[in-house]
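Novice: Residue numbers (the working numbering), protein chains in the order written: chain A, 1 to 220; chain B, 1 to 220; chain C, 1 to 268.
These are computed hints drawn from the structure, not numbers from a lab. Yeah, the Cβ is synthetic: ideal placement off N, Cα and C, and Gly gets one too. Some clues are possibly wrong.
To give a feel for the contact side, a few chain C residues facing chain B, derived at Cβ under 7 Å [to be verified]: (1) A47; (2) G48; (3) L52; (4) Y55; (5) D144; (6) P147; (7) L149; (8) R151; (9) C153; (10) A155; (11) W157; (12) A158; (13) P161.
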Amino acid sequence: MTSAQLKNLVEAALLALNSPLTVTELLAMFEDGPDKPDRRAVRKALDELQRDCAGRGVELKEVASGFRYQVRTELADRINRLFQDRPQRYSQALLETLAIIAYRQPVTRGEIEDIRGVSLSAGIVRTLFEREWIKVVGHRDVPGHPELLATTSGFLDYFNLKALEELPSLGEIKDLSQIEPDLFEQTGPVSDAGGAPAAQDAEQTPVAFEDDNVIPLQRS
Amino acid sequence: MTSAQLKNLVEAALLALNSPLTVTELLAMFEDGPDKPDRRAVRKALDELQRDCAGRGVELKEVASGFRYQVRTELADRINRLFQDRPQRYSQALLETLAIIAYRQPVTRGEIEDIRGVSLSAGIVRTLFEREWIKVVGHRDVPGHPELLATTSGFLDYFNLKALEELPSLGEIKDLSQIEPDLFEQTGPVSDAGGAPAAQDAEQTPVAFEDDNVIPLQRS
Amino acid sequence: MPEQAKAGAATQEEMPFAIVQGVPLSEIPRDLYIPPDALEVFLEAFAGPLDLLLYLIKRQNLDILDIPIARVTEQYMSYIELMEVLQLELAGEYLVMAAMLAEIKSRMLLPRPEPETDEEDPRAELVRRLQEYEIFKQAAQDLDDLPRLGRDCLAAWADFPGKQVNASPPEVSLETILQSFGEVLRRAEVFSHHRIEREPLSVRARMVSILDRIKVEEFTRFQELFVVEEGRPGVIVVLLALLELAREALVEIAQNEINGPIYVRAVA
C-alpha cells in the first residue's frame, strides 16, 4: 500500500465513522502481515491530512479519544441556518421502541425486534441514549450477552411521572385504542397482513426516516 | 464572499449535515441581499469540490435528494471492519417486493402478490415503510380502493441513484407465440398418452429428479 | 431459441445451466444435495411456489417456454408430498399452484385439435407468470448488487462542534407514547407468538432498580434490597422482582451456610 493510498483510507475512515479514532483503531482496518502499515506511517498520513485542511472549512483535530474531522466553528452561524428550518419530530419506530422499553424493561434489542417484527436501527437506540431516556442495566446471560435496556429517571421526569407504576396499565391502553380508533390510525404507517387500514396511514403521515430517528418535517 | 469562501462553506455544510443537500437548500445559508450567491456560484463550488475529490478516498456524489460526500465504494470493505455491526442483509422476499414496486410503480399489494405468487407479509411492507423506501401515492379506482405504492427519493439515495432511470434495466417477457409444444411430444417416440410420460422423461434426462432434486422419502 | 427447444435431452448437458459472472456453468453443482433435516430451511429459501417451480425448471436446464409439464408437475408434487409427510406448514399458495399444474397437465393430455386452431396452449398463463416472476427475481438480485448506503458507500460526515440550533430535541407527549404502544399491542396480537401478557409493572420497575443497585464484582446483602418502610406489599414486590431476576438469570443469589446471610450479585 502506497502512502497515498493509506492517506486516502485514513481520511475515508475518519469521515465514515464520525467518532474519534486512534491510530490503533485505524490499524484495525488491516490484517496482520507484511502489508500492514506501521504506526508511524499512519501518524504521517494524519499529519498530511491535517495540513491538507489548511484554508478549508473542515479541520482534522486530535481530541482525547483520537482524531476526528470537524467543521470549523467560524462557519457555525451560517451552517446552523441549515438546521434551523427543520422542525423535527420522532419517528413512529422510535416511539414504539421507547414504549416497549418502558413497559417491558429490562429488555434486550432482540426482544424489541421480536415484538415490533422489524430490526432495530442503531440510530434509534443512540437517540434514546442521547436524550438520556434509556440506560443499560445489565446483560442477559445468553450467547452474546445482549444489553438489557431500561428507562431512566430522566424519562420519568420528562413525562412528569413519579414512578413507572404511574404509566397506564396495558389494559387501559387497549381500552384507549378502542375508544379512539382514529387517533391510532394517525400514529404511523402500520400495516398488517390482511388489513387495509394501516396502509392508509402511511399516506396521511409524512413519516420520514431520516437518520432513522428524527424526522425533518418539511421533507416528505 | 469569495468563491473560495463559498466553496469552504459548501464543503463544511455537506459534511455537517450528513444528509444530501440540494443547491436550493445550500442557499438557505445566506440571507437575501446583494451578497447572496446565485445558484450558478453554488453549482460551480460543487463542481470544484467534486474535482478536488479526484484521487481521494471520498467523493462528492449527486443522489436523488441532493449532494452528499461518501466514501468510495472500493474502500468500503476495509472501513466496514471498523464498524461493530455488520451491514444488514435483506431477504429475497423483501428485495423482490421492492423491485416490483420500483419497476412497476405505482402498484398495489395485490399486484405484487400476483407477480410473486405469494401473499405479501406485513413485516416486509412495514420494513419498507420504515426504511422510508416506499410511500403511498394514491388509490386504484377498483373495489376496495387499494393503495398504490411507489418508491421514494430515500430509496434512490440509499441505492446511490439519482433517478429511477438509473436502475438496471428489466428483462423482457418473451412473446408467448414462441411457446414450444410440450417436450414429451418432441422427444423420442410418441408414447402412449396415458401414464408413461413421466417415467420416460426420467430415463432420458441425465438429471433424474431422484438423485439430486428431491429427497427421496425413504432416505429420511 | 429454436435449437434449444428441439434439442431435448440429447444435448442438454452442453447447454449452460446458468451464467455466473459471465462464466457459463453447464453442470449443476453437486453440493445441491439437501440433507433431510435441512429441508425446512431449504423450503424457506424459496420465495413461493413460482420460485420453487422456476428452480425445478432451471435445474434441468430447460427454457421456460418449453416446460415438460408432466415431469415438472410430478417433481413439484413430490415436494408438496414431502412437506406434508414432514408436517411442515405449507403456505396455501403452494397447493393452489399444485392444483393449477394438475389442471394444465390434464388439459395437455387430452387429445388436442389440429395446431392451426388458435386455442391457447394450456401452459400459456403459467409461462407468462413464470417469466414475469423470473424477471423480477433477477431485478431483485440486481437491486441487491447495487452499491448500498452503509454497505458499499458510507456517508462521510464531520463533527460539528458549533451546532446550536435545534438544541431542544423534538417534543413528545406521554399520550403519543401510549398510542404507539397501543399500536404495538394491536399488531402484536396478530402474531400470537408475540403475545405481550399483562404483567405487574411494579415488579418490572423494581427489577431495574435492583439491577441498578447491585454490582458484578461484589455481593450485596439480600436484606439491603428491601425497604421496610414500604410495608408488606413493597417487600413482596422486591421479592418477586428478585425471583424474576433469578429466573431470567440476571442475578445470582448465594448463601454460604445454612441460616447464613443471603447475598445477591449481578451476573456478568
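Novice: State for each hint whether it applies.
Specialist: Okay, the hints, checked on the actual structure:
{"no.": "1", "hint": "A47", "result": "holds, 5 Å"}
{"no.": "2", "hint": "G48", "result": "holds, 3 Å"}
{"no.": "3", "hint": "L52", "result": "violated, 9 Å"}
{"no.": "4", "hint": "Y55", "result": "violated, 9 Å"}
{"no.": "5", "hint": "D144", "result": "holds, 5 Å"}
{"no.": "6", "hint": "P147", "result": "holds, 5 Å"}
{"no.": "7", "hint": "L149", "result": "holds, 5 Å"}
{"no.": "8", "hint": "R151", "result": "holds, 4 Å"}
{"no.": "9", "hint": "C153", "result": "holds, 5 Å"}
{"no.": "10", "hint": "A155", "result": "holds, 5 Å"}
{"no.": "11", "hint": "W157", "result": "holds, 4 Å"}
{"no.": "12", "hint": "A158", "result": "holds, 4 Å"}
{"no.": "13", "hint": "P161", "result": "violated, 10 Å"}
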